[in-house]
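Same order as they appear, the protein sequences are chains B and X.
Taking my numbering, I'd label the letters of the first sequence as residues 1 to 182.
Taking my numbering, I'd label the letters of the second sequence as residues 1 to 182.
Please note that the accuracy of each hint is not assured.
All copies of an identical chain are treated as equivalent in the list; a pair is satisfied when it fits inside any one copy or across any two copies.
[Said to hold, decoys possible] In the DSBU-like style, the derived pairs of lysine-lysine whose C-alpha atoms are separated by at most 30 Å in a straight line are:
1) Lys56 <-> Lys130
2) Lys127 <-> Lys56
3) Lys179 <-> Lys130
4) Lys179 <-> Lys56
5) Lys18 <-> Lys78
6) Lys130 <-> Lys178
7) Lys18 <-> Lys179
8) Lys16 <-> Lys130
9) Lys33 <-> Lys78
10) Lys18 <-> Lys33
11) Lys56 <-> Lys178
12) Lys178 <-> Lys78
Think of the hints as simulated: they come from the structure by calculation, not from any bench.
Number of protein chains: 2
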Amino acid sequence: MSHFEEKTLHREEIYKGKVVELAVDQVLLPDGKRSTRELVFHPGAVAVLAVTKEGKFIFVEQFRKALERDLLEIPAGKLEPGEEPLTSAMRELEEETGYMADSWIFLSRFYTSPGFSNEVVHLFLAKGLKAGRHHLDDDEFVEVYELTEQEIFEEMARGRIADAKTILAVYHWALFQKKEGE
Amino acid sequence: MSHFEEKTLHREEIYKGKVVELAVDQVLLPDGKRSTRELVFHPGAVAVLAVTKEGKFIFVEQFRKALERDLLEIPAGKLEPGEEPLTSAMRELEEETGYMADSWIFLSRFYTSPGFSNEVVHLFLAKGLKAGRHHLDDDEFVEVYELTEQEIFEEMARGRIADAKTILAVYHWALFQKKEGE
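Take the sequences, apply the hints, and build the full model.
Encoded structure:
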C-alpha cells in the first residue's frame, strides 16, 4: 500500500484508439485536496537486442510520425491482446527484420513514461540469429541495418539513435552482457 | 529528408490538457496507401542524476497514477513553456528534493516513446550538492531518499526502480561517469 495513493473520484474516458486510450481522472490527493491526472493507456511493448554471430546488432530505421523524423532503433512492437512478451518479441523480430534466433534471454522490463502513461517495455536479448524474409505490417516501412558497437555509439552521438529503450538496451549489454559474449 | 516520410492528410485534435495533447492523423504512406497515427504531444521533460559528496544518489518516491503504484525515480519534471532544459533541471531538483548543486553536466537527450509520443527527456548530472528545503507543487507528494549504487541495483532487481529514464541514467553513470568521479 502506498501512503501517497491518489484515489480516483471520477474518470472521463476521452479516446479509445487502435494503440492508446486517453482518460482524465479527478483524484483525491493525500492531503484531501483534488487534482486531475491525464493518463495514456498502452497495451505494452517488446524490444529486442539481436546480436549476430559476428557481434553486430540488428537495427531498424523507420519514420516516427510523433517526431516527424526517422529514428534508428532496435526492433520493437506492441503486445497483441493476451500475447506473452517472449512470443511477441520473437514475432516482432521476424516480422520487422526477417531474423530468427536460437537463444532468447530476458533482460529487463521498464516503464517508458510513468508520469502520464502505463506503457511498459519487455526487453530481450536474441542470439544465434538466422536470416530469413521479413513480412511487415501493411503500414510499416523499415530499413534493416547491422551495426557494430562502435557504429552504435557514433549514431548515438549523431542523434540518429535517440530513444530510451534502444539506449538502455545498448548500455545494458555494455555493462552486463559484453564480457559473457566474448 | 526521410524516404519513409508519412504526409499528414488530415489531423483531428482530440484533446488538449495541462500536460498532454492527443491528435489522430490520417497519413499517406510511402506506398500511396493510407493509415492513421495516434499521437500524444508532450512539452518535454528534464531528469537529474544528483550525486552527493559521499557518492550517494538522490531519489524520489512518488505515486504514479497511470500505474496505480509508487515508483522510486531520479528527480524529474516537465519543461515549462520557453524554459531552457538546464534551468528546468535546476528548478525541479530544488523543488522536489531541496538540493542545489555546484556543478551541472549535460548527459543525454532521448525520446521516451517514439511510437506514439514526442516526449523528450533532457538528462543532467548534478554534483556538489547542498541540502535545502523542498517546496513541491500543490499536487506533488514525494519522499526523498539517498541511495548507494548497490542499493540502486537492489531496488532495480526488486522492481521499485522501474522506469526507463532512471535506469538509463544509472547505466550511463556506471559506464561513463563512475571512473571520473572516483
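Here's how the hints hold up against the structure:
1. Lys56 <-> Lys130: within (13 Å within a copy, 44 Å between copies)
2. Lys127 <-> Lys56: within (11 Å within a copy, 36 Å between copies)
3. Lys179 <-> Lys130: within (23 Å within a copy, 38 Å between copies)
4. Lys179 <-> Lys56: For Lys179 and Lys56, both the intra-copy (15 Å) and inter-copy (27 Å) Cα distances are at most 30 Å.
5. Lys18 <-> Lys78: both (11 Å within a copy, 27 Å between copies)
6. Lys130 <-> Lys178: This pair counts as within: shortest intra-copy Cα distance 21 Å, inter-copy 37 Å.
7. Lys18 <-> Lys179: Close neither inside one copy (41 Å) nor across copies (46 Å); limit 30 Å.
8. Lys16 <-> Lys130: Cα proximity of Lys16 and Lys130: none, with 38 Å in one copy and 46 Å across.
9. Lys33 <-> Lys78: Cα proximity of Lys33 and Lys78: across copies only (22 Å, versus 36 Å in one copy).
10. Lys18 <-> Lys33: Classified as between; 18 Å across copies, 35 Å inside a copy.
11. Lys56 <-> Lys178: Close inside one copy (12 Å) and across copies (27 Å); limit 30 Å.
12. Lys178 <-> Lys78: Within one copy only: 27 Å inside, 35 Å across.
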